[in-house]
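Protein sequences appear in the order of chains Z and E.
With positions in the first sequence counted from 1, the corresponding number in my numbering is that position plus 22.
With positions in the second sequence counted from 1, the corresponding number in my numbering is that position plus 375.
Just to be clear, a hint being listed does not mean it is correct.
Stated by the list, open to error - Facing chain Z, from chain E, some residues (calculated, C-beta under 8 angstroms):
(1) Ser423
(2) Gln480
(3) Val486
Unchecked claim - Some chain Z residues flagged as far from chain E (calculated, every beta-carbon gap over 12 angstroms):
(4) Val26
(5) Gln67
(6) Thr73
(7) Ala75
(8) Lys78
(9) Lys82
(10) Lys90
(11) Glu98
(12) Lys99
(13) Ser101
(14) Gln103
(15) Thr117
Claimed, not checked - Below, simulated SDA-like cross-link-like pairs (lysine to any residue); rule was C-alpha separation at most 20 angstroms, straight line:
(16) Lys417/E with Asp24/Z
(17) Lys417/E with Thr124/Z
(18) Lys82/Z with Glu376/E
(19) Lys453/E with Val387/E
(20) Lys71/Z with Glu378/E
(21) Lys417/E with Glu376/E
(22) Lys71/Z with Lys432/E
(23) Lys82/Z with Arg127/Z
(24) Lys417/E with Glu30/Z
(25) Lys417/E with Ser101/Z
(26) Lys417/E with Leu128/Z
(27) Lys71/Z with Lys453/E
(28) Lys432/E with Thr117/Z
(29) Lys99/Z with Met29/Z
(30) Lys99/Z with Thr117/Z
(31) Lys82/Z with Thr126/Z
(32) Lys417/E with Ala108/Z
If you are wondering where the hints come from, they were derived from the structure by calculation, not from laboratory data.
Yeah, the Cβ is synthetic: ideal placement off N, Cα and C, and Gly gets one too.
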Amino acid sequence: GDSVTQMEGPVTLSEEAFLTINCTYTATGYPSLFWYVQYPGEGLQLLLKATKADDKGSNKGFEATYRKETTSFHLEKGSVQVSDSAVYFCALILTDKLIFGTGTRLQVFP
Amino acid sequence: EPEVTQTPSHQVTQMGQEVILRCVPISNHLYFYWYRQILGQKVEFLVSFYNNEISEKSEIFDDQFSVERPDGSNFTLKIRSTKLEDSAMYFCASSIITVEAFFGQGTRLTVV
Numbered sequence: 023g024d025s026v027t028q029m030e031g032p033v034t035l036s037e038e039a040f041l042t043i044n045c046t047y048t049a050t051g052y053p054s055l056f057w058y059v060q061y062p063g064e065g066l067q068l069l070l071k072a073t074k075a076d077d078k079g080s081n082k083g084f085e086a087t088y089r090k091e092t093t094s095f096h097l098e099k100g101s102v103q104v105s106d107s108a109v110y111f112c113a114l115i116l117t118d119k120l121i122f123g124t125g126t127r128l129q130v131f132p
Numbered sequence: 376e377p378e379v380t381q382t383p384s385h386q387v388t389q390m391g392q393e394v395i396l397r398c399v400p401i402s403n404h405l406y407f408y409w410y411r412q413i414l415g416q417k418v419e420f421l422v423s424f425y426n427n428e429i430s431e432k433s434e435i436f437d438d439q440f441s442v443e444r445p446d447g448s449n450f451t452l453k454i455r456s457t458k459l460e461d462s463a464m465y466f467c468a469s470s471i472i473t474v475e476a477f478f479g480q481g482t483r484l485t486v487v
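Looking at chain Z on its own, in the form it has when it is part of the complex (with noise of 0.2 angstroms):
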């Protein structure tokens, strides 16, 4: 069936570091990618999404290419901030339902 695989956390970083979560993902047609992220005690929001191949969604620094021939949507930031720490997830939609990735913890120390 479809699904998103995320790299296990927690991912560790002293601040401006560069970030990366990786992320892969099976589905049986051509799905839309996703990645939301969840600060604690709050709810899940959208940072980006892709809805083709090739396509490159960002926000707030943060940026993810849809890359078919990978089946990956890896997450990046050049330089992080203690305010980026949150759990990650990692989304795709085919029909209307939302598929998730188990979530990555990033922890940003200064």
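Take the given structure of chain Z and dock chain E to it, following the hints.
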């Protein structure tokens, strides 16, 4: 900025009791969803709702669960007889088109 609102933020209930979780979706949205997240686990789809009927539901969404849009603004999830394993964070979401869903803050349900 419009947002999805969920109440209550935390609900504690005894096993076997009925519980209703409430959501007010964004006003011009057409698609409504419930998801849940058991502590430390992935977010799981429960049900989607469009045009006053369920459009898709997961295996989790058995006869103990039901959804309703009683008055054109609220969207509720009812669990008829709660079990310990129903303890989770429940998220409501809504969207204009299916591609982009906006989530509420969640209701933490604790079954004791």
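Here's how the hints hold up against the structure:
1. Interface restraint check for Ser423/E: the shortest CB-CB distance to chain Z comes to about 5 angstroms, inside 8 angstroms, so the restraint holds.
2. Below 8 angstroms, beta-carbon pairs count as interface contacts, and Gln480/E has one with chain Z at about 4 angstroms; its hint therefore holds.
3. A least Cβ separation of about 21 angstroms between Val486/E and chain Z goes past the 8 angstroms threshold, and the interface hint is therefore violated.
4. The non-interface label for Val26/Z is inconsistent with chain E: the shortest C-beta to C-beta separation is roughly 9 angstroms, within 12 angstroms.
5. Look at Gln67/Z: its CB is around 7 angstroms from the nearest CB on chain E, not clear of 12 angstroms, so calling it non-interface is violated.
6. Here Thr73/Z does not stay apart from chain E, with its beta-carbon only about 6 angstroms from theirs, under the 12 angstroms limit.
7. Taking the minimum C-beta to C-beta distance to chain E, about 15 angstroms, the non-interface status of Ala75/Z holds against the 12 angstroms cut.
8. Against the 12 angstroms criterion, Lys78/Z stays outside the reach of chain E, whose nearest CB is about 16 angstroms from its own CB.
9. The claim that Lys82/Z is not at the interface with chain E holds, since no C-beta of that chain comes within 12 angstroms of its own (minimum 15 angstroms).
10. The Cβ of Lys90/Z lies farther than 12 angstroms from every Cβ of chain E, with a closest approach of about 17 angstroms, so its non-interface assignment holds.
11. Residue-level check passed: Glu98/Z sits 21 angstroms from the nearest beta carbon of chain E, beyond 12 angstroms.
12. Non-interface status of Lys99/Z relative to chain E is upheld: no Cβ of that chain comes within 12 angstroms, the nearest being about 21 angstroms off.
13. No beta-carbon of chain E is positioned within 12 angstroms of the beta-carbon of Ser101/Z; the least distance is around 27 angstroms.
14. Even its closest Cβ contact with chain E, about 22 angstroms, leaves Gln103/Z beyond 12 angstroms, as expected for a residue assigned away from the interface.
15. With a least CB separation of 7 angstroms from chain E, Thr117/Z falls inside the 12 angstroms interface cut-off, contrary to its annotation.
16. Restraint check for Lys417/E and Asp24/Z: the C-alpha separation of about 15 angstroms stays at or below 20 angstroms, so the hint holds.
17. Restraint check for Lys417/E and Thr124/Z: satisfied, since their Cα atoms lie roughly 4 angstroms apart, inside the 20 angstroms limit.
18. Using a Cα cut-off of 20 angstroms, the hinted pair Lys82/Z and Glu376/E holds, with the two alpha carbons roughly 18 angstroms apart.
19. Among the hinted pairs, Lys453/E with Val387/E is consistent with the structure: their alpha-carbon atoms are about 14 angstroms apart, no more than 20 angstroms.
20. Between Lys71/Z and Glu378/E the CA atoms are separated by roughly 19 angstroms; this keeps the pair inside 20 angstroms, and the hint holds.
21. A threshold of 20 angstroms between alpha carbons decides the hint, and for Lys417/E with Glu376/E the separation of about 27 angstroms lies outside it, so the pair is violated.
22. Of the pairs offered as hints, the one joining Lys71/Z and Lys432/E is violated, with about 24 angstroms between alpha carbons and a cut-off of 20 angstroms exceeded.
23. Our distance criterion of 20 angstroms between C-alpha atoms is met by Lys82/Z and Arg127/Z, whose separation comes to about 18 angstroms.
24. Annotation: proposed proximity of Lys417/E to Glu30/Z holds, straight-line Cα distance about 12 angstroms (limit 20 angstroms).
25. The straight-line distance between the Cα atoms of Lys417/E and Ser101/Z is roughly 27 angstroms, outside the 20 angstroms bound, and the hint therefore fails.
26. Between Lys417/E and Leu128/Z, the direct Cα distance comes to roughly 16 angstroms. Compliance with the 20 angstroms bound is thereby established for this hinted pair.
27. Distance restraint check for Lys71/Z and Lys453/E: the Cα-Cα separation of roughly 31 angstroms exceeds the 20 angstroms cut-off, and the hinted pair is therefore not satisfied.
28. Straight-line distance between C-alpha atoms of Lys432/E and Thr117/Z comes to about 12 angstroms, which keeps the hinted pair within the 20 angstroms bound.
29. Between the alpha carbons of Lys99/Z and Met29/Z the distance comes to roughly 16 angstroms, so the proposed pair stays at or under 20 angstroms and holds.
30. Taken as a hint, the Lys99/Z and Thr117/Z pair is broken in the structure, with Cα atoms around 29 angstroms apart against an allowance of 20 angstroms.
31. Annotation: proposed proximity of Lys82/Z to Thr126/Z holds, straight-line Cα distance about 18 angstroms (limit 20 angstroms).
32. A hinted pair counts as satisfied when its Cα atoms are at most 20 angstroms apart, and Lys417/E with Ala108/Z qualifies at roughly 14 angstroms.
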